[in-house]
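**Student:** Turn these sequences into a full structure, and let the hints guide you.
Residue numbers (my numbering), protein chains in the order written: chain A, 1 to 245; chain B, 1 to 245; chain C, 1 to 245; chain D, 1 to 245; chain E, 1 to 245; chain F, 1 to 245.
Note that these hints are calculated values from the structure, not bench results. Keep in mind that the hints are not guaranteed to be accurate.
If chains are identical, the list can't say which one is meant, so a pair holds when it fits in one copy or spans any two.
Distance condition first, Cα-Cα at most 20 Å in a straight line; then the derived EDC-like pairs of lysine to aspartate or glutamate [to be verified]: (1) K220 / E190; (2) K16 / D66; (3) K187 / E147; (4) K128 / E81; (5) K187 / D68; (6) K220 / D188; (7) K128 / E20; (8) K220 / E160; (9) K220 / D170.
Number of protein chains: 6
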Amino acid sequence: MQIKVINGNTFAAMTKGIDESAQAARSPMTEIITTQPRSGPQSIESYYDEYLAIPGILEEIRLSPDVDAFVIACWGDPGVEAARELTTKPVVGIAEASMYVANMLAARWGVITTQHRSLHMVLQTIHKTGFTHRCVSVRTTGIPVVETETARSQTVDRLEAEARKAIATDRVEALCLGCAGMGGLDKDLEQRLGIPVIDSVAAAVKLAEALVSLQKYTSKALTYQFPAAKPILGYSPSMQLDQGA
Amino acid sequence: MQIKVINGNTFAAMTKGIDESAQAARSPMTEIITTQPRSGPQSIESYYDEYLAIPGILEEIRLSPDVDAFVIACWGDPGVEAARELTTKPVVGIAEASMYVANMLAARWGVITTQHRSLHMVLQTIHKTGFTHRCVSVRTTGIPVVETETARSQTVDRLEAEARKAIATDRVEALCLGCAGMGGLDKDLEQRLGIPVIDSVAAAVKLAEALVSLQKYTSKALTYQFPAAKPILGYSPSMQLDQGA
Amino acid sequence: MQIKVINGNTFAAMTKGIDESAQAARSPMTEIITTQPRSGPQSIESYYDEYLAIPGILEEIRLSPDVDAFVIACWGDPGVEAARELTTKPVVGIAEASMYVANMLAARWGVITTQHRSLHMVLQTIHKTGFTHRCVSVRTTGIPVVETETARSQTVDRLEAEARKAIATDRVEALCLGCAGMGGLDKDLEQRLGIPVIDSVAAAVKLAEALVSLQKYTSKALTYQFPAAKPILGYSPSMQLDQGA
Amino acid sequence: MQIKVINGNTFAAMTKGIDESAQAARSPMTEIITTQPRSGPQSIESYYDEYLAIPGILEEIRLSPDVDAFVIACWGDPGVEAARELTTKPVVGIAEASMYVANMLAARWGVITTQHRSLHMVLQTIHKTGFTHRCVSVRTTGIPVVETETARSQTVDRLEAEARKAIATDRVEALCLGCAGMGGLDKDLEQRLGIPVIDSVAAAVKLAEALVSLQKYTSKALTYQFPAAKPILGYSPSMQLDQGA
Amino acid sequence: MQIKVINGNTFAAMTKGIDESAQAARSPMTEIITTQPRSGPQSIESYYDEYLAIPGILEEIRLSPDVDAFVIACWGDPGVEAARELTTKPVVGIAEASMYVANMLAARWGVITTQHRSLHMVLQTIHKTGFTHRCVSVRTTGIPVVETETARSQTVDRLEAEARKAIATDRVEALCLGCAGMGGLDKDLEQRLGIPVIDSVAAAVKLAEALVSLQKYTSKALTYQFPAAKPILGYSPSMQLDQGA
Amino acid sequence: MQIKVINGNTFAAMTKGIDESAQAARSPMTEIITTQPRSGPQSIESYYDEYLAIPGILEEIRLSPDVDAFVIACWGDPGVEAARELTTKPVVGIAEASMYVANMLAARWGVITTQHRSLHMVLQTIHKTGFTHRCVSVRTTGIPVVETETARSQTVDRLEAEARKAIATDRVEALCLGCAGMGGLDKDLEQRLGIPVIDSVAAAVKLAEALVSLQKYTSKALTYQFPAAKPILGYSPSMQLDQGA
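**Tutor:** In structure tokens:
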């Protein structure tokens, strides 16, 4: 089984970090192909970043028609609905995956993430998914996304400090790491905090494997039908759709 | 006052139709500048189309720092949060504008739109806005977006037929036209149906004028701060941000 | 275009203040007629006050069949549904208007108001409208409504103090002024706070102008049909309805 | 124990019908005092009717400081919050009472009422209370409120016909009678339909008795504090409040 | 009228305390029969305890086919849906009863309970009922359930301390006592706190009396039909159902 | 890895069917141990059945401290919170598992199940999980649970018939099979219907494998702490807890 894991941004160090999380999580029979988009921002810290990242993410879906499943490795699941339109293969976002895992491990859980400005974006993701009654804490650390890779030690210390507030004040019982760059920090934080901490990339890889094993495909009944072929300006040939997709 | 109205797609006939709606709605002192993105699909009928349209929409925000407000003329309000990050000027989406207007005119209202596959997208927009208890009907006609411009007469007949079901079965009291290409059809439909029908483009132009008159700007306190400058691959120079935006 | 702005209470100083807000906000072509009801309490600070105010507000609708739109200038929008029954002209409440404007300017916003006892009433208004996920802060100052007119300087200081807590603790990015008596304080507070502050009366005037320009009327399809004529005891002749309204 | 049951409208035949329901429901030790307001419309079939009825309903609260509890006998519970401000005695609305009773008898229930135009008003009441997931059917019959008293036989036939649709199509398991004028029809309808049918007036009398027996009073901690004394124009002396209420 | 009040646990001291609350609340014509299950845990402080308690609670329903109503005296209403399947008589849970009473007395109310770990269980009960917008405070004291009976004085002091925080911080206006073992503490706490405090057992007894007086029965239309007879292993003969129930 | 799959009922034919589904879904390295409780009903078709089943389900958790994860194989996830209290190993319910899978495959999905009376139970499960905006169809077939095993051919025909209505009328794009007895019917139904059909047992096995691979455990921070040891009457020694669990 081949799973393509698509980093949402174009920062090679984070692509490498994501790959390590995914490789560590994969089953023996699974091959992980981690990539980053050809276009898009170095990190996703705003809606602007997110929307500029999505075409490149979708191009990665188009470029690999033969893999068995896709993971979109950016908390917020940028472009996941469009990705599902482009393929019959399962597509899993790391935000949804981490939330499902949290739901199965704890009654009250939270999300801890990077930039303060992302607070609304995270809450919107939770609201959209339907988990406002289960996610009782969203906390931001002010850490720039890039530093999750370049300053690992400070990152984990700041996550721990904020997580302790989430436990003491918000009474969370598990935490989702709300950034793909935090992959691999879960074990260290679990030891420090004593509650489950979810590496969202790892969670998504396992759910993608599950969907492939179940031989399930993305429904083409209505919402996720292949997009109709039509003129599209300003994008590479790989983004042009044929009649019949 | 200058308002830039950005067609979400790259179909010149629709840009012209949107311009007519916007011109008809503007106040005497308002100058309307209607444009279409340099990149993106001919019509937005899928999530894929929507996400490929957004960078071009955002580029239009970047290209006109001196207008007084922006309207994003595609029901679904593609990229509206990112647009708000890029400017202090007010940005209004036609979906939200039409829903606010409907709320002020009727207790129970609906949305009528084009492609059947858009049902979930419309419902998601309503859920995200918070109006699931007021919007009691979402109906799709199967009309391709392009035909809203090229086959006006059939379009209005099919809208009428579906609208009659919304009135009789769902007891709607007003209808939002859920596609920018339906601009200008409101008067005809109102006469046929006897209930308010909202041209979403016109609604957004008026709300944008209102915000400018109120001298209100987009909050830069947290969520809509200017995006941080960072390397962005594969986009034109107009999309690169400076330090301090 | 004539817009009748109806102060919810019978306090002449507040009617004057509301008129100033409305005049400042109106378009050049708009004539503002600000009135106060013939009956009702001096200020609306309880449900009792609100319900005693409504008949007088509705009488003002009945008395002016020829204006183009109405604004109900009391946060809480007392009687707005009944007002819509009495006329085909658009009727706008200042609470809904301010919330729509806040939604277009900021992701997270709040309401700041007068009496502590009004907390539930404000939350009920937000819940009824559907914005519990966007309004992240409701703060009360303990200021009596009358003092918003008679003690302007202390009012603005106390609003500022409470608003600073809303920004620091609740991370609001814009604020609605939750009382018609606070009209005109928005500019001063914006300078002090650095976030958009919405004069709810001004917001409603602009939305009423927008609805008139759009040539939209209140739907008579079901909920807002004219009330049936019937014996009504204890009210003035102006409140008696004819057959056919 | 004395319970004052206040008909919401000024139609003596309905006051009599309400009294019969209340008398039939009361416990042996309870004295029922059924009244109708001195002012207000003959029937409540619109928001206009409702708001003109409320001052008279509230006057009835003021006029009887010595009874032990109040019932507001109009589905929609007009003015119930204000009534609670005016007294420490329990105040029960027939809408809330009937919904609580329905919740204890059936998993899925509905409301059946008079005028078609009341659909939104009923749904708003259910939404405000929090029972949108339990109330699975709201059906209107088109019966004028007055005819619930003057044309009992046709009323019950039309209610039965609509109720059968609610059972077959919406799978309701119990029904609230959504009008005070339908009191006493519950037994007949239960026999015809085979499911619990709730006389809302009777339900409210029993809950009011329960609150009195429990020696519970309306909280004066915040929302339902006595309204402040202030000038009130155009109302009788009984509506003027003293300092200290 | 006979009402069987079923303590959820098998702790005789609590059964006695519940009986005292129920006896104090009953009407003169009502006979209270308070029992405890033959099987189950000494106290209900976890989901495990709750689920082991339910078969014994249901057996008590089966054992008394001739009483007029049942009260399940454990906050959380364990097994209440199944109890309704087993009988046509009304079944009232103390959680729902206390919440309905709170809703009629106060705009904003809270629940105060025992074990910290019960926080989610209480919130789940409120969410399931539909009162998340009315219940603004859930506070746990850490008191073991058994001590509510064996250490009354400390219990009331700790409840008071936590309740004061609920009033000051969460602005609650009434409180539900979230444990059957707290019955009888309401009067003392009301005097200390100055807001209504609801003895949930007493509330349920009154609502059960109300339902019996109304001659209402549990709907057998769909959800609460008698369970089908079928082989059931490992339970006493009293739990085996006959054909036709 | 060992996963214990616990049939919710005591019907050996269904235990065998569940085992086949689980065996077919397991990864090569996984050992499946399928059991049925020692106590409980032959099928779960009512709340009564469900609550009598739970102690036996929980006993199965207690009896196998050394397996790596548990699956509770009854749609409705009976006792899942209590099961999580009894172990640090992951526990997965088939309802939640199937809904998460559906969410990843389709925008609009439904549940199709057996008894008509289960409608409310299924809706309650969806409401509790938070997916009311994604699950757009719940349909019941009237098939007794036992017949899902004994009358496979008719079962699949009736499921197909009802599923076709869900597709045509409710526009579902995927379906969860809402009964453990329907395991293995997914492939046949997918071929007939052309949309993804989810075998809930298979889905849960894959998610349990995922959680074990991720080395995640059930949080013991608050809600799912081990239950306190206390006297429990009427249960076998295996249900008695030690101090410290």
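**Student:** So, for every hint listed, does it hold in this structure?
**Tutor:** Checked hints:
no. : hint        : in the structure
1   : K220 / E190 : between (40 Å within a copy, 12 Å between copies)
2   : K16 / D66   : neither (22 Å within a copy, 36 Å between copies)
3   : K187 / E147 : within (19 Å within a copy, 39 Å between copies)
4   : K128 / E81  : both (13 Å within a copy, 16 Å between copies)
5   : K187 / D68  : between (28 Å within a copy, 19 Å between copies)
6   : K220 / D188 : between (41 Å within a copy, 18 Å between copies)
7   : K128 / E20  : neither (29 Å within a copy, 35 Å between copies)
8   : K220 / E160 : between (43 Å within a copy, 18 Å between copies)
9   : K220 / D170 : between (41 Å within a copy, 16 Å between copies)
Checked against the numbered hints listed earlier, the structure breaks hints 2 and 7; every other hint is satisfied.
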